[in-house]
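Chemist: Chains B, C and D: place on chain A using the hints.
Residue numbers (my numbering), protein chains in the order written: chain A, 1 to 161; chain B, 1001 to 1161; chain C, 2001 to 2161; chain D, 3001 to 3161.
Since no wrong hints were added, every one of them can be taken at face value.
Here are the simulated DSBU-like pairs of lysine-lysine, each with C-alpha atoms no more than 30 angstroms apart in a straight line:
{"#": "1", "chain 1": "A", "residue 1": "Lys145", "chain 2": "D", "residue 2": "Lys3145"}
{"#": "2", "chain 1": "B", "residue 1": "Lys1145", "chain 2": "C", "residue 2": "Lys2145"}
{"#": "3", "chain 1": "C", "residue 1": "Lys2008", "chain 2": "C", "residue 2": "Lys2033"}
{"#": "4", "chain 1": "D", "residue 1": "Lys3008", "chain 2": "D", "residue 2": "Lys3033"}
{"#": "5", "chain 1": "A", "residue 1": "Lys33", "chain 2": "A", "residue 2": "Lys8"}
{"#": "6", "chain 1": "B", "residue 1": "Lys1008", "chain 2": "B", "residue 2": "Lys1033"}
Label-pair restraints from in silico Cβ distances:
{"#": "7", "chain 1": "B", "residue 1": "Asp1052", "chain 2": "C", "residue 2": "Gly2098", "range": "36 to 44 angstroms"}
{"#": "8", "chain 1": "A", "residue 1": "Asp31", "chain 2": "B", "residue 2": "Ile1007", "range": "34 to 42 angstroms"}
{"#": "9", "chain 1": "D", "residue 1": "Gly3019", "chain 2": "A", "residue 2": "Gly63", "range": "46 to 54 angstroms"}
If you're looking for bench data, these hints aren't it; they were derived computationally from the structure. All of these numbers come straight from a predicted model, not from anything done at the bench. Cβ coordinates follow ideal geometry from the N, Cα and C atoms, glycine included.
4 protein chains.
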Amino acid sequence: MRPPTEIKYGLPAAAEVAGMTGREILQAIIDGKLPQAPISQTMSFWITEVGDGFAAFEGQPGGHLLNPMGSVHGGWVLTLIDSAGGCAGHSLLPVGVGYTTIETKANFARPITEDSARVRAEARVVAQGRQIISAEAKVLSSDGKVLAHGTSTIMTLGNTK
Amino acid sequence: MRPPTEIKYGLPAAAEVAGMTGREILQAIIDGKLPQAPISQTMSFWITEVGDGFAAFEGQPGGHLLNPMGSVHGGWVLTLIDSAGGCAGHSLLPVGVGYTTIETKANFARPITEDSARVRAEARVVAQGRQIISAEAKVLSSDGKVLAHGTSTIMTLGNTK
Amino acid sequence: MRPPTEIKYGLPAAAEVAGMTGREILQAIIDGKLPQAPISQTMSFWITEVGDGFAAFEGQPGGHLLNPMGSVHGGWVLTLIDSAGGCAGHSLLPVGVGYTTIETKANFARPITEDSARVRAEARVVAQGRQIISAEAKVLSSDGKVLAHGTSTIMTLGNTK
Amino acid sequence: MRPPTEIKYGLPAAAEVAGMTGREILQAIIDGKLPQAPISQTMSFWITEVGDGFAAFEGQPGGHLLNPMGSVHGGWVLTLIDSAGGCAGHSLLPVGVGYTTIETKANFARPITEDSARVRAEARVVAQGRQIISAEAKVLSSDGKVLAHGTSTIMTLGNTK
Chain A
1 MRPPTEIKYG LPAAAEVAGM TGREILQAII DGKLPQAPIS QTMSFWITEV
51 GDGFAAFEGQ PGGHLLNPMG SVHGGWVLTL IDSAGGCAGH SLLPVGVGYT
101 TIETKANFAR PITEDSARVR AEARVVAQGR QIISAEAKVL SSDGKVLAHG
151 TSTIMTLGNT K
Chain B
1001 MRPPTEIKYG LPAAAEVAGM TGREILQAII DGKLPQAPIS QTMSFWITEV
1051 GDGFAAFEGQ PGGHLLNPMG SVHGGWVLTL IDSAGGCAGH SLLPVGVGYT
1101 TIETKANFAR PITEDSARVR AEARVVAQGR QIISAEAKVL SSDGKVLAHG
1151 TSTIMTLGNT K
Chain C
2001 MRPPTEIKYG LPAAAEVAGM TGREILQAII DGKLPQAPIS QTMSFWITEV
2051 GDGFAAFEGQ PGGHLLNPMG SVHGGWVLTL IDSAGGCAGH SLLPVGVGYT
2101 TIETKANFAR PITEDSARVR AEARVVAQGR QIISAEAKVL SSDGKVLAHG
2151 TSTIMTLGNT K
Chain D
3001 MRPPTEIKYG LPAAAEVAGM TGREILQAII DGKLPQAPIS QTMSFWITEV
3051 GDGFAAFEGQ PGGHLLNPMG SVHGGWVLTL IDSAGGCAGH SLLPVGVGYT
3101 TIETKANFAR PITEDSARVR AEARVVAQGR QIISAEAKVL SSDGKVLAHG
3151 TSTIMTLGNT K
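The following block holds chain A by itself, in its conformation from the complex:
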């Protein structure tokens, strides 16, 4: 696990990802050959693993994420689930096929505090149709407890037949 201070953030140029599959793009981000997205810097989370129909992220809770009640905002967890679910689907897409997320839904099981240890979000594709892919995601505490879980649905764009 690389410390987040070493991570580069930004957007890849179109030419940098041309000819790459979804999984190759995500692996290049993990390997530091492509930048993590700007939102990852803002919200202190980053992709750490990708497989076929699988993606994992880590996130670092902190004071910048607190809601008015003093715990980490549910929106942070929703962002992790939306990211992991979308990337799990993206990992299955061939060269030249993009996607858009149609909807995301999640349950909050346990509170996260400013001082909580790093969390892990992992998502797996459950069903893949011609255009629609759905993935289930879990956000886990450092000791493996389920903090939240949810589902994202994506639609592929372009080059579908």
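Modeler: For chains B, C and D alone, coordinates are given in the frame of chain A:
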């Protein structure tokens, strides 16, 4: 609409909100008597209106919110919906009653870009039971188009009879 | 409101709906020129109104719908929401365009009993994209209370450009 | 797997379930000592297995379940997911504790036809709080393909401390 540069961010002390209803707490945040939450600074959104079973937020898209594909991350929209839905429910709670969000689910209808104008998220309570409150929220563009919509479910905590 | 005993149930022949828009098909079912679906007989509900991006159903609770705890099964309410949401979307589709439902999600607000009066489910399209349409639905008691509410997401099939 | 013709349907008397845990009640239904619910007869599905935080159902597609487009209505799948998710949670409840389902959400992955073989719905509890339990469910074809998947959230009632 106050410019976001004038907004104070932070957490209220427990003594500051003692004896206040949910709606009074939220109105005090809007009036600048209590700070907006830290997440609001991080993700550039803030509460602007509260009523009985109603809450509205504004959010400012920007480069710090972009996903790897270069558009505003769905997690930002989910955070707005989760915030507006939770606060719509909170507005109905009497003194001494808190809440936790059980789940949030949302559909993404239109993309938001770095350069999009400020968006408005508004939520209304649809059903209120003894412990469970559900609210529907919409995120609207500056010209009133639905960018996303969703539902949050909260459970009240403490002082329920 | 026609009594359900007068309703015909079955499936239309393909030739019967050829050349009709979604709204025309649904209006023909309401008018009794086409049959209500078989599931409508099994679960005692039927479509009663259609507009542009709008559909309403009525449902008759009864002993055949009870769950093990003796109240009407949540699946009945989910079926009403799924039906109303799908038909609200269908009402916007031109001749020759079909649809499939991608996902449905709903909150249960109040219990329904065997002896509850007829309920009304109404759905309105909230967002319509090139292929994706989402609609919000409410199930209302005879005195207008919200019994449940939810959202369905459909994808259009065929003849899309 | 017992043929559905041998199944008794109805509601247990309160005295019949007094002193039984949730799991014991569900096992008694599976064993035929208590009846399957009336909705099970109407919609041709029945509970077949229960464990700690686990429940499985079987369902028999048929002509009585068809939507206007001639395939099995999504409401049937939603009912299976709602049932399996609720019973997975119920299996964890001690004597004298009931529950109500707060919300259910599901994705449809593959169509089911009138002639499809029996399907299996299985649900597992993912998170259990003091009052809230959430369970993920999958509906599987006879050859193990995911037909649909979803999540139910229940709230316990009575005797909670």
